[in-house]
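So the sequence shown is numbered by our numbering: it starts at 2 and just counts up by one.
Hint data in this document are derived by calculation from the structure and do not stem from the laboratory. Computed from a predicted model, the values in this text were never measured in an experiment. Glycine is no exception: its CB is placed at the ideal position from the N, C-alpha and C atoms. Careful, some of the hints might be misleading.
What the hints assert, rightly or not - List time: in silico PhoX-like cross-link candidates among lysine-lysine, alpha-carbon distance up to 20 angstroms:
no.: 1; residue 1: 1054; residue 2: 1038
no.: 2; residue 1: 866; residue 2: 846
no.: 3; residue 1: 980; residue 2: 964
no.: 4; residue 1: 890; residue 2: 875
no.: 5; residue 1: 929; residue 2: 973
no.: 6; residue 1: 830; residue 2: 864
no.: 7; residue 1: 927; residue 2: 784
no.: 8; residue 1: 184; residue 2: 388
Claimed, not checked - Here are the computed distance ranges between Cβ atoms for each label pair:
no.: 9; residue 1: 583; residue 2: 383; range: 57 to 63 angstroms
no.: 10; residue 1: 458; residue 2: 314; range: 39 to 45 angstroms
no.: 11; residue 1: 310; residue 2: 385; range: 56 to 62 angstroms
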Amino acid sequence: MGNEEKMAKMEVKTSLLDNMIGVGDMVLLEPLNEDSFINNLKKRFDHSEVYTYIGSVVISINPYRSLPIYTPEKVEEYRNRNFYELSPHIFALSDEAYRSLRDQDKDQCILITGESGAGKTEASKLVMSYVAAVCGKGAEVNQVKEQLLQSNPVLEAFGNAKTVRNDNSSRFGKYMDIEFDFKGDPLGGVISNYLLEKSRVVKQPRGERNFHIFYQILSGASEDFLCKLKLERDFSRYNYLGLDSAKVNGVDDAANFRTVRNAMQIVGFMDHETQSVFEVVAAVLKLGNIEFKPESRVNGLDESKIKDKNELKEICELTGIDQSVLERAFSFRTVEAKQEKVSTTLNVAQAYYARDALAKNLYSRLFSWLVTRINESIKAQTKVRKKVMGVLDIYGFEIFEDNSFEQFIINYCNEKLQQIFIELTLKEEQEEYIREGIEWTHIEYFNNAIICDLIENNQTGILAMLDEECLRPGTVTDDTFLEKLNQVCATHQHFESRMSKCSRFLNDTSLPHSCFRIQHYAGKVMYQVEGFVDKNNDLLYRDLSQAMWKANHSLIKALFPEGNPAKINLKRPPTAGSQFKASVATLMKNLQTKNPNYIRCIKPNDKKAAHVFNDALVCHQIRYLGLLENVRVRRAGYAFRQAYEPCLERYKMLCKQTWPHWRGPARAGVEVLFNELEIPEEEFSFGRSKIFIRNPRTLFKLEDLRKQRLEDLATLIEKIYRGWKCRTHFLLMKKSQIVIASWYRRYAQQKKYQKIKSSAIIVQSYIRGWKARKLLRELKHQKRCNEAATVIAAYWHGTQARRELKRLKEEARRKHAVAVIWAYWLGLKVRREYRKFFRANAGRKIYEFTLQRLMQKYFLEMKNKMPSLSPIDKNWPARPYLFLDSTHKELKRIFHLWRCKKYRDQFTDQQKLIYEEKLEASELFKDKKALYPASVGQPFQGAYLEISKNPKYKKLKDAVDEKIIIAEVVNKINRANGKATSRIFLLTKNNVLLADQKSGNIKSEVPLGDVTKVSMSSQNDGFFAVHLKEGSGAAGKGDFLLSSDHLIEMATKLYRTTLSQTKQKLNIEISDEFLVQFRQDKVCVKFIQGSQKNGNIPTCKRKNNRLLEVAVP
């Protein structure tokens, strides 16, 4: 293992000087020139080191790719660490600013500058995310942090756009004051916005896009939402959207739209507010589709008219403006002077100007309203004293091919920021020297105050000249403004023009006639004066303001308060330049009250490509950011300064007196150290708390000595470690040997003891065995003696017993022989006595005995051959003897009656009733009606219509208050034509009812006492006639001829109910021909056999007035 590898493994990184790639702090760069500066940045950039220091200033190079240096672990690594303790990082500056605010009660501001695409917006997000991660926790604090962070997506959507240099370029300046309480927890914030580039709404340079929100709505909104906004998803439908860059690689506008809506909800926008905002955006988008055509009036003046009024109509529906009012505002302009009003027509060019001015003002005011609304949500709720950290994310210095009014005021803002940067940097340097008691030497630097004065001077400044020209009566053009500049600023050393009176510029043919050039601190910039006057005026015709104020849309009405006729102000509104100048002055004043922290952002290439470093482009940015000048300012006095404690801790190994521990004060230790190293006195100075080193070479010399000393210490440490390791190993082996020896001796003694113990046990076991066997022999001998005596005695007793038994058997045999002889004698005597009676009664007795035995055998066999208990089982054992024929039949009858009774005993009352009805039907119809066999297997249900459950029959249910025995739909036969009509047949305890099937109205009601007879055929049909008593009230219309699918059930229930109520049997007539009374006439109903066209359905047909013929298949 080499010394360098040993040192690299053992060294802990505690400073930006450790394992440094290039130079981490440009103040230490040697030699200091432009080439070495760029080469150092490139070397670090190639190793993914995108951050470099200039003292306390952070240089950030946009890597155009994701780097794993912003993880939560990195946040914890830089948390509460000294600024120079770790390698350069934006988190180090954020932590330094936050701790100064929290612990030292100093208000902070973080100034992020750089040109478009350098990563300013991402840098501001990283600062805010770091502060959010390291400050306090809690539900309320987390809500404030979330709202502060979620304000970024909203402002980016409405204020950022794709440019040729940046896919997410901020087209407005943003300054956010984050307010903290005494613990360092965020309470809220206030956002200020500067100069939104509203001209982008109506026109974008080639290769650039409009603001993100327009594309996000069209890509991410649902079809229903687009329909409500009267928009279509096709970008080409809208004139304000450039088509050449509508889609951006790597940008998902639909997902971003969902993010914006979610962020608006988190920040605190209500649903109706969000809807109003998107309606205004849709109105701006549709304004670009309004086109005008010229039209001549009678007086010869040109007038503009709207070509297609559909777009205007949809805009008015979105905004709630009267279409005629807005149409007139696009065609006429009203000028008020004192008490007079003059109305003039607008030509096509003026109408387009009015349209674009309205779109720009509408969007710009919407953006300002969004900032105000976000401020209402994120402002601090408490009124306690607050600490403030400001984050400034503002447009960088811009030098394009065509530079106009926007670039002019952006670069003016950067001049002011550069001025305050130099002033605060020098001030901070001077204050530190005074604080540390170091002699202060004046530092020469370029003061750009002369450039700021050229622009902002109240008398002769360019902005003042522009305002004066805008307010001047008469014809005012951009050329007259340039002429005025040539007159006033011609002799200024930083102003150049083709028309300048200074002869040294007359030959400068590279400068066009309509341009002027300013030599900024960052370089020369040429501005085209075209549009300066109009953009500075930023006029919106009063007619359009009043039309917007008349809208029924609450948000639009609030955006144009000057349109209120009751508040007409004839005073000219301030110009855009004067407003921006005042805003910048307020910003500068605010920044001077806070402790500054700087992040200088650099773009490595124009292609937005990773791993590409364009030296020329970076060199240009280094120049206009003044970074070399900043390094020279820092190095003008002392290039490096460090507190005594970390300095002594880092270099104490270079001196024997300070190594390894210094017991005295840290300053005394550093003095001893520097004296020991014989460093010239002019190369360093001792402050009150820091050591100041003048030349970077001295610091690098210390670093080289420290590196060499670390290698020596590594070797020494390795030698000591190896000796310690060997001694430790030896002592461990020695200790192990002692332990092993002791354990072995113990083991050997244990084995010896076990062997002796085992031998003793064996000897004991043998002795005990011998004694036991001896005792056993003695016991066995004694036992055998006892057993021999017992056996002899047993044999003797057995012999005695057998002799006695033999004697007793002999005696018993003799007695038995006497008994047998006596019995035979008595038998002989009885038989001689009985013989005279046997011949007269023996035959009858034998017969009776034989008969009795046969009967017993018969009944026993019947017991085993009995059939099942089912009443329908007709099996019965065969008769064995002819004389038992009557007995066999009677037994069969008795058994059948018995098992029927057993079967009936299982029935419930309901089942008994059903079987009684079935039995009744059998007695009435069996072998009489051909339909009867088919009805045997069908249960009698009665209620075929669920009248109580069906709401259709509610009226019928209410009319019948008795229990319904049967409810069925029947067909009532018309005697006139034989056709059938559906009726509901109801049978109750006292009445028979017929009701209409559709309406439920009762048609006929007949008491059971008036029913005299029921007639039906013997064939397989369902026709039956209900005969009524003559003279009864129900018999007025005659008898009923009906047809039913449940004829057997209906006739049976009618029979049983009538018998139950009247105590008289109802006559059931079964005949293929019977008479039916219809009013005063009697009609014969005759049933015949015949084939039917309708299949198996019987049909009824009227033959004449006295005959109805029913054809049954």
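Tested hints:
As the CA atoms of residue 1054 and residue 1038 are separated by approximately 24 angstroms, the hinted pair breaks the 20 angstroms bound. A distance of roughly 30 angstroms separates the Cα atoms of residue 866 and residue 846; the hinted pair therefore is violated under the 20 angstroms criterion. Simply put, residue 980 and residue 964 have alpha-carbon atoms about 31 angstroms apart, too far for the 20 angstroms limit, and the pair is violated. With a C-alpha separation of about 13 angstroms, the suggested pairing of residue 890 with residue 875 holds against the 20 angstroms cut-off.
For a cut-off of 20 angstroms, the pair hint linking residue 929 to residue 973 is broken: about 24 angstroms separates their Cα positions. Straight-line distance between C-alpha atoms of residue 830 and residue 864 comes to about 45 angstroms, which puts the hinted pair past the 20 angstroms bound. Taking the CA atoms of residue 927 and residue 784, the gap is near 101 angstroms; set against the 20 angstroms cutoff, the hint is violated. Restraint check for residue 184 and residue 388: the C-alpha separation of about 10 angstroms stays at or below 20 angstroms, so the hint holds.
Distance hint check: the CB atoms of residue 583 and residue 383 are about 30 angstroms apart, inconsistent with the given range 57 to 63 angstroms. For residue 458 paired with residue 314, a C-beta distance near 51 angstroms fails the hint of 39 to 45 angstroms. Judged by the Cβ atoms, the range 56 to 62 angstroms given for residue 310 and residue 385 holds: they are separated by roughly 57 angstroms.
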